[in-house]
Amino acid sequence: MKIFVCIKQVPDTEAKIKIKSDGSGIDPAGIKWVMNPYDEIAVEEAIKLRDLNPGSQINVITAGPKERAVEALRTALAMGADEGIVVHGPDNLDAYSTAKALAEAIKKEGDAQVIFTGKLSIDTNQASVSQMIAEFLGISHATVVSKLQFAGDTVTVERDIEGGAKEKIQLKTPCLIAANKGLNMPRYASLPGIMKAKKKVIKEYEVAALGITDADRKVSYSQYSLPADKPPVKLLQGDASAQVSELIHLLRDEAKAL
Amino acid sequence: MATTLVFVEHQDGQIKRSSQELLQIATKNNQKTLAVVFGSQAKALAPACAQNGAQEVHVVADAKLDNYNSELFLAALSAVLEKIKPQFVLASSSSTGRDLFPRLGARLGTGVVSDAIELNFDGANLKAKKPVYAGKAFAIAEFKNSSMQIVLMRANQIPLSSVTAGAGQVVEHALPAIDLKTIVQEVVKGASKKMDLTEANIVISGGRGLKEAGNFKLLNELADVLGATVGASRAVVDAGWVGHDMQVGQTGKTVAPTLYIAVGVSGAIQHLAGMSGSKVIVAINNDANAPIFQKATYGIVGDLFEILPKLTEEFRKVLGK
Chain A
1 MKIFVCIKQV PDTEAKIKIK SDGSGIDPAG IKWVMNPYDE IAVEEAIKLR
51 DLNPGSQINV ITAGPKERAV EALRTALAMG ADEGIVVHGP DNLDAYSTAK
101 ALAEAIKKEG DAQVIFTGKL SIDTNQASVS QMIAEFLGIS HATVVSKLQF
151 AGDTVTVERD IEGGAKEKIQ LKTPCLIAAN KGLNMPRYAS LPGIMKAKKK
201 VIKEYEVAAL GITDADRKVS YSQYSLPADK PPVKLLQGDA SAQVSELIHL
251 LRDEAKAL
Chain B
1001 MATTLVFVEH QDGQIKRSSQ ELLQIATKNN QKTLAVVFGS QAKALAPACA
1051 QNGAQEVHVV ADAKLDNYNS ELFLAALSAV LEKIKPQFVL ASSSSTGRDL
1101 FPRLGARLGT GVVSDAIELN FDGANLKAKK PVYAGKAFAI AEFKNSSMQI
1151 VLMRANQIPL SSVTAGAGQV VEHALPAIDL KTIVQEVVKG ASKKMDLTEA
1201 NIVISGGRGL KEAGNFKLLN ELADVLGATV GASRAVVDAG WVGHDMQVGQ
1251 TGKTVAPTLY IAVGVSGAIQ HLAGMSGSKV IVAINNDANA PIFQKATYGI
1301 VGDLFEILPK LTEEFRKVLG K
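Sequence order for the protein chains is A and B.
So for the first sequence, my numbering puts the first residue at 1; every next one is plus one.
So for the second sequence, my numbering puts the first residue at 1001; every next one is plus one.
With the rest of the complex left out, here is chain B (with noise of 0.2 Å):
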């Protein structure tokens, strides 16, 4: 059996659901699923690491690392992975991940596939499949010349389900002493308290077809409706109707949730490619010959200034709210 170990992240007192999804992998692939959780909340969490399969829960109780900082974080898994030395390191393509793993990996010599969407644990190999050129295409990565395997997936990649508890056995680190050159001043909150596009379950994003940036108001209503995360296009990104943390394609995020409702959105091939993962994907758009029809689940040809109300309001009768 081997061992994996997943880097457990988490906000408010929660371990986030990107990361029950890779306990949850690790356990049912028969891996000696293994947990390390960071932050002066790290021990409270580790019942919630045990019932999604960790058999051990690997902490750094240290208020230093309630944030995210790139060089004290690297020190602390450094340590970790040094004493337990796993075969396979499972972590979220989140921004932590992101910009953690691939640095850990030039300082272990290691590999380091990012944005994975599913695993194949063979052996002594873990291949991942993962999308490149956006989503335009999928490749398989394997490693080579590497004595652990570091994988960062996606977020919404598998449903979440009742796994045999581990043991979660806490273990306890400390967090090794350096010279710090990186001081993270301060994390400023977002506006929206929504969920993160790449994290979102339903996504809806606009496109020039609404004609200007205060008709992205129509989207808003319907997400707040739907619980979803608002998105959109480059071309509105560019012309400056919205940030650009809102860019949905090849340039933007890559998104997957389980609905994405493209409104005004004509799909360009960058667009194309940062949600065609969506699992239902629904475009309504006035232009039958629009791109994203070739794209879509469902599709209404017509005018979104008329059917946007309509849908907020069935949606909100619908789902009592």
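Bound-form chain A, shown alone (with noise of 0.2 Å):
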């Protein structure tokens, strides 16, 4: 069975973000880039399967600047996935195309049988690239998957939705799958495998070269602000009693949040 992963290097969840003086972007110096957590749940996954299915083979694959992306394919490869992909690529592709990016690649690679990929990236959270993968290679998909059972061709997820609910899927492979937290917990990289995927093969795509021309950029991002500076926080005085009375006092009178 032919496994990819779809996966994107993104900031630290620690990082502090600051602001290109002219508003473009954010500034890189000083970030340390990881693979999305949620991706990382993916290969996971795509481990797990690989396991029930004996003479697997995972691919994983990430569009962006090849020279820090192959990281993220690095720390993926060190977890156990086989081969690595980059699609080389500018730093600011939108969700459509990344996604129409990486659906060109995987058909060039021929065969994927089920695509995993996290639920959204916290760097944009626009959560689109998987579903629009999967629109274009007119597969099936489930988002925001926290359970997950194979059966011959057949996949049963279990979707979160609000409240804590629930939805039950029946799908049919070739499929996409992404996941959210709940699913598994993610192996750290151990040393041997990490000695293991220096030596392992990272494939080099160019995202021209997939047809993706500028037509394929339907949303662009600019006037990159933070959010305003908070007022200092008013400190409640007195014992617990005198506190609360007035914590409820104002958030009735004052900040009318009752």
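Warning: the hint list may mix true and false statements.
[Unchecked claim] Some chain A residues flagged as far from chain B (calculated, every beta-carbon gap over 10 Å):
no.	residue
1	W33
2	D111
3	R187
4	A209
[As the list claims (entries may be wrong)] Stretch by stretch, here's where chain A covers chain B in the computed footprint (C-beta under 8 Å, at least three residues):
no.	region
5	1138 to 1144
6	1175 to 1183
7	1291 to 1298
Keep in mind the hints are simulated off the structure, nothing from the lab.
Only a predicted model underlies this, so the values are computations on that prediction, with no experimental measurement involved.
We put the CB at the ideal spot given by N, CA and C, even for glycine.
Two independent chains are provided; combine them into the complex using the hints.
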């Protein structure tokens, strides 16, 4: 079975975000780049599926500037993926062009049975690329998946929706599954894993060579800004009873939040 | 006048608040506002759509659309859009909206912006402000090369008011026949009847300061009095105290309620990212240096085990519960 995992490199969740002076994007200085946390869950699930189907191969794929995007691939390879694919392109591709580029590369590789992704990337929070890839490939998809089971060409998944509710969905392979937290606990890359990853193959494609043009750019982002500074906190004084009465008074009469 | 189509979601015979907001936003911005509603109840919801400004209500009144199925919804919506070709499409950034519209965008060859918090109708262009890096920054999204501009908007962004009612003329559409590959077997209801964190008006979150999982009952009691939904920090989710569907933060849910009460939450950057859009923030923590106080409107430095029961009791008195 050929399994693909689409991953993205994003700033670490603890990163402090600064904006470039012209507002055109974030200032990359000092940012630690990591694999998107939901993508780690996707990689782990692919490894579990390969374990159940000996002889399967996991191709992990990403789009972006190859100089740094390959680091995320190396992490996935160190976790246990078999081969890496980088689709080299600018770092500001929108969801549509990214999805089209990844789908074209996956088509060229051929024979994808299952594609795993994270439910969203924590940088743009778009949660779009997964469904778009599925559409470009003409395969079924399920997003925000926290449980899944394979039986032949049938996949049964649980998808998390509002209020803790779940949709139980049955799909047929080939399909795309976007992973949510709760699906598994991703492993850490082991030292032997990291050593092995250095020898694994990373293939390259170019965005333009895959037929992605400027017309595929559907959304652009500009005028980046930081949240407005909050006025300093009003610390409530006195003993617990006094603090509680004061808080209720302020919430009702000053903030009108009740 | 541009035409804006709002995808209306509903539950228990009522259109959702988030959909009302979208209809009102379109109407207030002088759009020709159209609604599209799916499911066997669709026609009965037309008056509610009209009241919020819809001039036409496009319905696909098929019971197969009572539960969300990506393939059926995609087929139904593509067929409706094909006929009415609106310039703008608005939907809520809900489970359904987020699953459905990106795929629709890919099918139509058009852009989709999700998670918007502010819209600016500028003639033929719709600009959307959205949080990026889970609210650590904002950006303005604009469309290019898109015949239709699709924006998914977060709930609770504008107060509801009364708008000029629309005619609410019902237009029926049939569900196209498709070869269905995806089957939704059942929808398992959550244990809680509470509103989802992302829709709740009041959120109370607990962190490691609660010391153990059992102490979440203190938050639940306060939540019951306030009609709030309970959330949690990543630390306690990772520790297995509560389920991951309760996590607020960059790898959890991003919330923007009217009132956010953080109890025993220190305020890691990734947590602050997920809740700093809240209108009023209350922090209760025994560490006066906890970063959460930098984002808080009101702070209580003290022992949460002493404060919380008092707070619950006082609220109960004040709210007459």
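We went through each hint and held it up to the structure:
no.	hint	in the structure
1	W33	holds, 13 Å
2	D111	holds, 18 Å
3	R187	holds, 15 Å
4	A209	holds, 20 Å
5	1138 to 1144	holds (count 7)
6	1175 to 1183	holds (count 3)
7	1291 to 1298	holds (count 6)
The structure fails none of the hints (numbered hints given earlier).
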